[in-house]
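Chemist: One-letter residues, chain by chain:
2 protein chains.
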Amino acid sequence: MTAFGKIAIIGLGLIGSSIAHAARRGLLADEVVGFDASADVRTRAAALGFCDAVAEDAASAVTDAGLVILCVPVGACGAVAKEIAPHLKPGAILSDVGSVKGAVIGDVGPHVPDGVHFIPAHPIAGTEFSGPEAGFASLFDGRWAILTPLPGADAAAVERLKAFWQGLGSNVDVMDPSHHDLVLAITSHLPHLIAYNIVGTAHDLEKVTEGEVIKYSAGGFRDFTRIAASDPTMWRDVFLNNREAVMDVLGRFNEDLAVLQRAIRDGDGDKLFDFFTRTRAIRRAIIELGQESAAPNFGRDSKS
Amino acid sequence: MTAFGKIAIIGLGLIGSSIAHAARRGLLADEVVGFDASADVRTRAAALGFCDAVAEDAASAVTDAGLVILCVPVGACGAVAKEIAPHLKPGAILSDVGSVKGAVIGDVGPHVPDGVHFIPAHPIAGTEFSGPEAGFASLFDGRWAILTPLPGADAAAVERLKAFWQGLGSNVDVMDPSHHDLVLAITSHLPHLIAYNIVGTAHDLEKVTEGEVIKYSAGGFRDFTRIAASDPTMWRDVFLNNREAVMDVLGRFNEDLAVLQRAIRDGDGDKLFDFFTRTRAIRRAIIELGQESAAPNFGRDSKS
Chain A
1 MTAFGKIAII GLGLIGSSIA HAARRGLLAD EVVGFDASAD VRTRAAALGF
51 CDAVAEDAAS AVTDAGLVIL CVPVGACGAV AKEIAPHLKP GAILSDVGSV
101 KGAVIGDVGP HVPDGVHFIP AHPIAGTEFS GPEAGFASLF DGRWAILTPL
151 PGADAAAVER LKAFWQGLGS NVDVMDPSHH DLVLAITSHL PHLIAYNIVG
201 TAHDLEKVTE GEVIKYSAGG FRDFTRIAAS DPTMWRDVFL NNREAVMDVL
251 GRFNEDLAVL QRAIRDGDGD KLFDFFTRTR AIRRAIIELG QESAAPNFGR
301 DSKS
Chain B
1 MTAFGKIAII GLGLIGSSIA HAARRGLLAD EVVGFDASAD VRTRAAALGF
51 CDAVAEDAAS AVTDAGLVIL CVPVGACGAV AKEIAPHLKP GAILSDVGSV
101 KGAVIGDVGP HVPDGVHFIP AHPIAGTEFS GPEAGFASLF DGRWAILTPL
151 PGADAAAVER LKAFWQGLGS NVDVMDPSHH DLVLAITSHL PHLIAYNIVG
201 TAHDLEKVTE GEVIKYSAGG FRDFTRIAAS DPTMWRDVFL NNREAVMDVL
251 GRFNEDLAVL QRAIRDGDGD KLFDFFTRTR AIRRAIIELG QESAAPNFGR
301 DSKS
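Protein sequence lines correspond, in order, to chains A and B.
Read in order, the letters of the first sequence are residues 1 to 304 in this note's numbering.
Read in order, the letters of the second sequence are residues 1 to 304 in this note's numbering.
What the hints contain is simulated information worked out from the structure, not anything from laboratory work.
Mixed in with the good hints there might be a few duds.
Identical copies carry no separate label here, and so any pair may be met within one copy or between two of them.
Straight-line distance between alpha carbons at most 25 Å, and here's what the computed SDA-like set of lysine to any residue pairs gives [as the list claims (entries may be wrong)]:
| # | residue 1 | residue 2 |
| --- | --- | --- |
| 1 | K271 | R252 |
| 2 | K82 | A281 |
| 3 | K207 | E255 |
| 4 | K82 | G109 |
| 5 | K271 | S130 |
| 6 | K207 | G106 |
| 7 | K207 | E244 |
| 8 | K207 | D248 |
| 9 | K89 | D266 |
| 10 | K162 | D30 |
So that you can see chain A by itself, here it is in the shape it has in the complex:
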């Protein structure tokens, strides 16, 4: 018998399917049952076979599960929680994987029955691909998962969920939900917004064709297209649900950009040079922490 016995994964996209793969690799469950609101996704997931069973409804997926993980877009968590709440086993842990924690807590919290431990979580891992075919067992290896338990959360339950994420390959941190949302606003949400925006700008220019943008993208532009290819539904929900923190960091970004813009306009080479110099160290630190490839060009060309 594993720590949770049966695990239920609601939502079988990139993250849900990767959890299933990694849980199997780590022997973390007696049984992994998946469910997805899309019948097409259920069929594809069943054919891929990364779950022991794919349920036809969320209620039967969560019945008797010791751990239930919501792997749906942030905006869908509340409705799913409401639907499954009556079927949750006493003592079960209910968790999620959303990029925003404050809104999920607000939406899910009210539906959690007494005796069920609601412990929000967020793995900082992903790719630009979506859907059940995109998942793989090593997605979380060496990446960080952040748990944001509420005040008064059961410490033993938090430890059990922490051990589960470590079993999936993650390092685990515990953080206050509102601080999480601010940290992710700068490390993830703003980068995605900026990437989507610059790809949009390039798309709309009249004097440079899209064909030219594509052909000469190796000059830097192509780096941005990766995260701008991420799932639109997920990202719509992130921005709708982390508005305040995103506006905060976006305001800072705009202020900083105005300073650079003025330095260019004024021909202030010293200011530009100083700015461009201090941004090198941060990449070295990311590489040293094992969160990035040290190879040139992300190692994408494997030619050096």
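Given chain A, work out where chain B should sit, using these hints.
Modeler: Showing chain B alone in chain A's frame:
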């Protein structure tokens, strides 16, 4: 005897050293002679051995060379051209590799002696590393090099330079200099400016520590740190010398970002979803054209 006999490379950083490596691989020269203004770089380049000889001054490097390529920051091209002009062989081709063509033409053009063919060029290739150790022979393979000959340029000389770049592994296009500068403003210069800026913004936040930014960078931020680690001198010069085109595309970027910002503020999910949906196709096209890795996460994790 090769097409140019002796080739001179002035500036032995990432691009200059890669040209030397690739010219040797392609048997494109009888002799490759390099020079760099830095005595330290000359010593390192001589030890690395990618040139047949490293000259002690620019004048002797270019003497008798059939092809001279300036591989120095854009802002230094004019002074170098002035210095070497008296030593250029009649019939030689003088070229460069700068990311800006209009300014280089304005700075170099007046110094070019009669009988020397000045043909500006720009290979759209690079990595985030700098210096003579960073170069490698395959850097230009499958990437585009853009030639921007002036009106009345000798067609045979243009063809010879085109063949040289093809020999280095590049595809070659010919373009008007001012159009080049606009195309590069969106495909390369603005992406670098935005990347430098977001890394700076993250660095300066009070409420999120740099340690947190580094730890959780896999959420998207780390993608930006690569091009924000590029050579500060090169990029200072790019922005000082392509001001008008950069201001043009930056203005568009800011307008587009204001629209996204308002959509977030207004909670306009449909607008966000539509915007995030139309940016996917451009990445697919870049991959199909062989300018990007199809693997998740640029293939950086090699885990999938």
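Chemist: Now tell me if each hint is right for this structure.
Modeler: Outcome of the hint check:
1. Within a single copy, K271 and R252 get their C-alpha atoms as close as 18 Å, and across copies as close as 23 Å, so both meet the 25 Å cut-off.
2. With identical chains, the CA atoms of K82 and A281 are never at most 25 Å apart, being 46 Å at best within one copy and 36 Å at best between copies.
3. Taking the shortest alpha-carbon separations for K207 and E255, only the inter-copy value of 17 Å comes in at or below 25 Å, while the best intra-copy value is 28 Å.
4. For a Cα distance limit of 25 Å, the shortest separation of K82 from G109 inside one copy, 10 Å, qualifies, whereas the shortest one across copies, 72 Å, does not.
5. Within a single copy, K271 and S130 get their C-alpha atoms only as close as 41 Å, which misses the 25 Å cut-off; across copies the closest is 21 Å, which meets it.
6. For the homomeric pair K207 and G106, the shortest alpha-carbon distance between copies (23 Å) is at most 25 Å, but the shortest distance inside one copy (47 Å) is not.
7. With identical chains, the CA atoms of K207 and E244 are at most 25 Å apart between copies only, with a shortest distance of 14 Å across copies and 36 Å within one.
8. Proximity of K207 to D248 under the C-alpha cut-off of 25 Å is restricted to the inter-copy arrangement: shortest distance 11 Å between copies versus 33 Å within a copy.
9. When the C-alpha separation of K89 and D266 is checked against a cutoff of 25 Å, the pair qualifies neither within a copy, at 65 Å, nor between copies, at 39 Å.
10. Taking the shortest Cα distances, K162 and D30 sit within 25 Å of each other inside one copy (18 Å), while across copies they are farther apart (64 Å).
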